[in-house]
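Participant: Take a look at the letters that make up each chain.
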Amino acid sequence: MPPRTLLQADDVRRAIVRMAHELVETAPDGARLLVLGIPTRGAVLARRLADAMSGVVGAPVAVGTLDVTLYRDDLGSQPTRPTGRTQVPADVDGAVVVLVDDVLFSGRTVRAALDALTALGRPAVVRLAVLVDRGHRELPIRPDSVGRNLPSAKTERIRVQLTEIDGTDGVTIE
Amino acid sequence: MSDHLLSTRGLGRDGGVALLDIAEDMADTQQRQVKKLPTLRGTTVVNLFFEDSTRTRISFEAAAKRLSADVITFSAKGSSVSKGESLQDTAQTLQAMGADGIVLRHPASGAAEVLASSGWTRAAVVNAGDGTHEHPTQALLDAYTIRKRLHGDASRGRDLDGVSVVIVGDVLHSRVARSNVWLLTALGASVRLVAPPTLLPGAIGGWPVESGIDLDAALATAPDVVMMLRVQRERMTEAYFPSSREYAALYGLSADRAARLPESSLVMHPGPMNRGLEIAGEVADSARSTVLEQVENGVAVRMAVLYDVLAGRRGAA
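Chains as they are written, first to last, in the numbering used here: chain R, 24 to 197; chain A, 1097 to 1413.
Because the hints were derived from the structure by calculation, they are not lab data.
We treat Cβ as the ideally placed atom computed from N, Cα and C, and that holds for glycine.
One thing to keep in mind: the hints can contain errors.
[Unchecked claim] DEER-style ranges, computed between Cβ atoms:
#1 A/Asp1124 x R/Ser100: 23 to 31 Å
#2 R/Arg36 x A/Gly1248: 30 to 38 Å
#3 A/Leu1246 x R/Gly117: 49 to 57 Å
#4 A/Lys1131 x R/Val148: 19 to 27 Å
#5 A/Gln1184 x R/Asp97: 50 to 58 Å
#6 A/Ile1168 x R/Pro26: 49 to 57 Å
#7 A/Leu1388 x R/Glu197: 51 to 59 Å
[Unchecked claim] Away from chain A, derived, C-beta distances all over 10 Å, residues of chain R:
#8 Ala38
#9 Ser77
#10 Gln184
Sequences and hints are given; from them, build the entire structure.
Facilitator: Structure, rendered in structure tokens:
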């Protein structure tokens, strides 16, 4: 079956704007926000989300990347993965950290991200924002902000495309 | 990416850059509040050292521990090796004890290759120096140190294209020189070897390097890097040069010689140094010297190597 488009570029854009409002509104008063994306596409989404959040709060929102490779629990099941860069521009201690990824699936990447994050410090609150929640969780993890819930069969492939990496915005399933 | 690290030969530009990039990420993790990573939890690494070494052994040990591997250090002195146990018996014992990785230092050239291809053990083998053959992690940390000094935070993804390196001293007995020749040239650097005629290997014609016997002429080319090798008296079975004084005069990096180098030129030494012989103390302690950075970078580089050979599925490369 050819890939089927589930979200168009416009849907992606609207989802990010809505998530930005949601995340700012639910953040505690006076919170210091720190948006951290999980490479590769989560990092791109994090930058867009932080831009949108900056517009809502009327001040710059700190944004960075958090590589989770060294904290994964499935390293031994495939050839060695290249590591990615972690860049955290602000103190994690006491911050309201928004973790960002493109697709939430088993939850194992987020589990690894929580470990990577606590190695950097002790956030006041951690929130999870994902563009797509496709179900099939293997761990007790749920997102705080979701662009779109897309129930899928476990064998299907959901692909998020972002202009910065793929030349176009959209979400497809095959 | 690979099952073993035996040599820098065959790593190639991309393989070298990939390892150096992982080392960058490893170095970053060592700036965190919690420096220990869970990556190799449940993995056993054996440091198998048939030759004296302090800094390499400690560096590998620190690297393995930072990645949460269990580390067993096995020095030939005080073990049954001194009672005549062979490499085969030792390797089979370690296999029975469940070693996942073996870091091997051995006086015989080719020992790591023998261990990796023997079938005595299924462990991943990392060559930590075999005779006069290779010392790949030293070359990787040297390349890392050069790249870091030249490019700083913008090092990732870069090779050493156009960098000129002069390697000076006991090339004949130096596994560090050999590993550096293969790695640095693969990364795009040009390498010139300088040594007394008695300490230049005969096979050098096939190496991708220039060579000469005149240190002052080599320094006059304004190299980006001058790498001084240790005079390895323990491997010298005959007189390779008339006297230490003459060696120091002709091939030692004195303060005068260092002063003729461009200000940006780096001075490297793999340690341990013979101060006053191949390098003057004041040069070793000067701002252009990278000696302490090399030691510090060694841990990140060895973390990257252990990660590379141990974290992924074996045989998947």
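Participant: Please write out, lowest number first, the hints stated earlier that are contradicted by the structure.
Facilitator: 3, 5
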